[in-house]
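K.L.:
Given the structure of chain H, go ahead and fit chain A onto it with the hints provided.
Same order as they appear, the protein sequences are chains H and A.
The first sequence begins at 1 in our numbering and counts up one residue at a time.
The second sequence begins at 333 in our numbering and counts up one residue at a time.
Bear in mind the hints are in silico, worked out from the structure with no lab data behind them.
Certain hints may be false.
As the list claims (entries may be wrong) - Computed list of lysine-lysine pairs in DSBU-like fashion (alpha-carbon distance at most 30 Å, straight line): (1) H:K84 <-> A:K478; (2) A:K478 <-> H:K55; (3) A:K403 <-> H:K55; (4) A:K575 <-> A:K478.
Unchecked claim - Looking from chain A toward chain H, a few residues come up when the C-beta cut is under 10 Å (computed): (5) I383; (6) V527; (7) R618.
Quick reminder that beta carbons are idealized off the backbone N, C-alpha and C, glycines included.
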Amino acid sequence: MSATPPARTASLKLARSNRQSPARKRADRFGDIGLRVICLAAAVLAGIVLILIAKEVFEGAHPAISNYGLSFLTTHEWAPPLEKFGGEGLIMGTLITSAIAIFIGAPVAISIGIFLALLAPAGVRNVISPLVEMLAAIPSVILGFWGVIVFGPFVAGTLEPFLHRWLGFIPIFGAPQTVGAGIFTAGLILTIMVIPIIASVSRDLFMAVPRELQDGAAALGSTRWEVIRGVVLPTTLSGMIAATLLGLGRALGEAIAVSQVVGGATESHISLFKTGGTLASIIALQFPSAISAMHYASLYYCAALLLVIGIASNLLASWVGMRFGSAGGVTR
Amino acid sequence: MIGRRRPAPEEFDPTQPLVATGNLARRHLANRLAQGLAIAAAIAAVAVLVIVVWAVVSHGIKAISWDFITKGEPDGIGPNLVGTGVIVGIGTLIAMPIGVLIALFLSEYAGRRGARVVQLLMDVMNGLPSIIIAVFVYILIVEPTKQQSGLAAGIALAIIEVPLIARGTQEVLNLVPSAQREAADALGVARWRSVLTIILPAATGGIVTATLLSVARAAGETAPVILLSSLARGDTFQLNPLKELPNVPVRIFQLSEEANPEGFTKAWGLSLVLIAVILVLGLGSRALLNRSKRKLAR
Numbered sequence: 001m002s003a004t005p006p007a008r009t010a011s012l013k014l015a016r017s018n019r020q021s022p023a024r025k026r027a028d029r030f031g032d033i034g035l036r037v038i039c040l041a042a043a044v045l046a047g048i049v050l051i052l053i054a055k056e057v058f059e060g061a062h063p064a065i066s067n068y069g070l071s072f073l074t075t076h077e078w079a080p081p082l083e084k085f086g087g088e089g090l091i092m093g094t095l096i097t098s099a100i101a102i103f104i105g106a107p108v109a110i111s112i113g114i115f116l117a118l119l120a121p122a123g124v125r126n127v128i129s130p131l132v133e134m135l136a137a138i139p140s141v142i143l144g145f146w147g148v149i150v151f152g153p154f155v156a157g158t159l160e161p162f163l164h165r166w167l168g169f170i171p172i173f174g175a176p177q178t179v180g181a182g183i184f185t186a187g188l189i190l191t192i193m194v195i196p197i198i199a200s201v202s203r204d205l206f207m208a209v210p211r212e213l214q215d216g217a218a219a220l221g222s223t224r225w226e227v228i229r230g231v232v233l234p235t236t237l238s239g240m241i242a243a244t245l246l247g248l249g250r251a252l253g254e255a256i257a258v259s260q261v262v263g264g265a266t267e268s269h270i271s272l273f274k275t276g277g278t279l280a281s282i283i284a285l286q287f288p289s290a291i292s293a294m295h296y297a298s299l300y301y302c303a304a305l306l307l308v309i310g311i312a313s314n315l316l317a318s319w320v321g322m323r324f325g326s327a328g329g330v331t332r
Numbered sequence: 333m334i335g336r337r338r339p340a341p342e343e344f345d346p347t348q349p350l351v352a353t354g355n356l357a358r359r360h361l362a363n364r365l366a367q368g369l370a371i372a373a374a375i376a377a378v379a380v381l382v383i384v385v386w387a388v389v390s391h392g393i394k395a396i397s398w399d400f401i402t403k404g405e406p407d408g409i410g411p412n413l414v415g416t417g418v419i420v421g422i423g424t425l426i427a428m429p430i431g432v433l434i435a436l437f438l439s440e441y442a443g444r445r446g447a448r449v450v451q452l453l454m455d456v457m458n459g460l461p462s463i464i465i466a467v468f469v470y471i472l473i474v475e476p477t478k479q480q481s482g483l484a485a486g487i488a489l490a491i492i493e494v495p496l497i498a499r500g501t502q503e504v505l506n507l508v509p510s511a512q513r514e515a516a517d518a519l520g521v522a523r524w525r526s527v528l529t530i531i532l533p534a535a536t537g538g539i540v541t542a543t544l545l546s547v548a549r550a551a552g553e554t555a556p557v558i559l560l561s562s563l564a565r566g567d568t569f570q571l572n573p574l575k576e577l578p579n580v581p582v583r584i585f586q587l588s589e590e591a592n593p594e595g596f597t598k599a600w601g602l603s604l605v606l607i608a609v610i611l612v613l614g615l616g617s618r619a620l621l622n623r624s625k626r627k628l629a630r
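If we strip away everything but chain H, and leave its shape as in the complex, we get (with noise of 0.2 Å):
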């Protein structure tokens, strides 16, 4: 009773020292403000960086935009000797491979976060999981290598001649080619990439849908399929939308594995399995050989129009995640 536990002392101390002395106080002001002005500014140069990317790319990008304005969207033909480049090609190359990506990879990618949310034993999604992320950290130049000496020849050598038998009719399933390299193989090289950005958004999605609503619907006698059919996809649609729009974004801007594997060609046809070329890829392989002023401004042409997609894909992704419900994808 008679001796004080010494922890008290000290806590009394503490707070006897916390009772402000001018210097404490002042440093204290100091403190506070500077740290905050501090954590602002990094988030402002971020800011700044962001804008800057857009003004440099598109100040770059004047002398092309000047001098073809929007014919260049209209124009296939890109001869840089020649001094003409025009981007029509390379556009329907990324929108074609970044659709062969989605329609593949989305269905695909909302399946197994199914499975991995709702269907699979903990023990199981525990060790999918994982090796499903694992995919996604596989560098794109490691997959472009693998599509180039692996998949490539397959693609050509198995799966075209096997689709142009039974759906060559369908002019987009025209003749194969003789090298693995195409619209074709480099849409299914995205396909890989964009499916575990979208499985494991949509699983993240799936586990959110709450219990009760899945149990109701099961006590009402449906089946899981049906439970899924019913509660699970409904309620999440918005999420699954901005899930794949997430993937089209990454799809439409990758530029090394496309590179690799979809042949170097800057006009398009109709048939899928002809080489054609990415507004990304063609900044990757001309890049670092251009040969003039204009060859440089047309390649920042293509960066800004890939900036202006990009950024819409990303916003709109934004955009249908925040209005039609929340990040959990459950609709109130």
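P.N.:
Using the frame of chain H, we list chain A on its own:
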């Protein structure tokens, strides 16, 4: 009993086994089909991973030797490894403080609207194609100085890494119990002191995790180094970041563009080293994250 395919509902037969018929059978079939497809999709994704990793390992292992890792061209890839290390190091040194500060701003200082704006900024930055960031840094640094450099590549990687680090850090900052913040406030501790001495230390594990993950991502980024540091030959070890540095992704890219079987073997070897580093970083950071999350949840 025999020969009667479907018993009429009013004739209840207790010996009949309970099997779904008619509509219910159809619904069960659809259910099984859908589940089967979902499982197949998951198996397909894992199969692709296994096929790719297997291709890299089985081809790459032939190239790996002590000389391959430590010597310069034409025998090995030592300078490329060092160069990638320097470039990624520069990028991470720049990106980590900025990313952490942005995360602090988001979780401690920004109001609702401010947080939303900065969050959107980070999302856009994260979604920016890396080739555009590369073009930007090229215009900003390489074009005026007429000199590729590891520093320029590092800056481009920093722009890629900042949103990753910011998001990872912010996730952990949100896990720090608000009771700790309130306790500090109640003791009259100034905000900046509680941020620096209580909140940040609690989030250290998450910050390290986010940084490791961003390093793993940056190490394999190819677009920036192709534009900003691709002219180095890689025969000698170079450390000067003001000049172009040889590095791993560019070499893989160059070798994959040449039709040279020996080069392909070397590219497989490079890929194996790169993938091994990335997977180790990824697994390590995952373990770390789980540990620090458990700690915070306690």
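K.L.:
Against this structure, judge whether each hint is valid.
P.N.:
Verification of the supplied hints:
1. H:K84 <-> A:K478: 26 Å, holds
2. A:K478 <-> H:K55: 21 Å, holds
3. A:K403 <-> H:K55: Outside the cut-off at roughly 43 Å; violated.
4. A:K575 <-> A:K478: Judged against 30 Å, a Cα distance of about 11 Å means the pair holds.
5. I383: 8 Å, holds
6. V527: 6 Å, holds
7. R618: Hint holds; R618 (chain A) Cβ to chain H Cβ min 7 Å, cut 10 Å.
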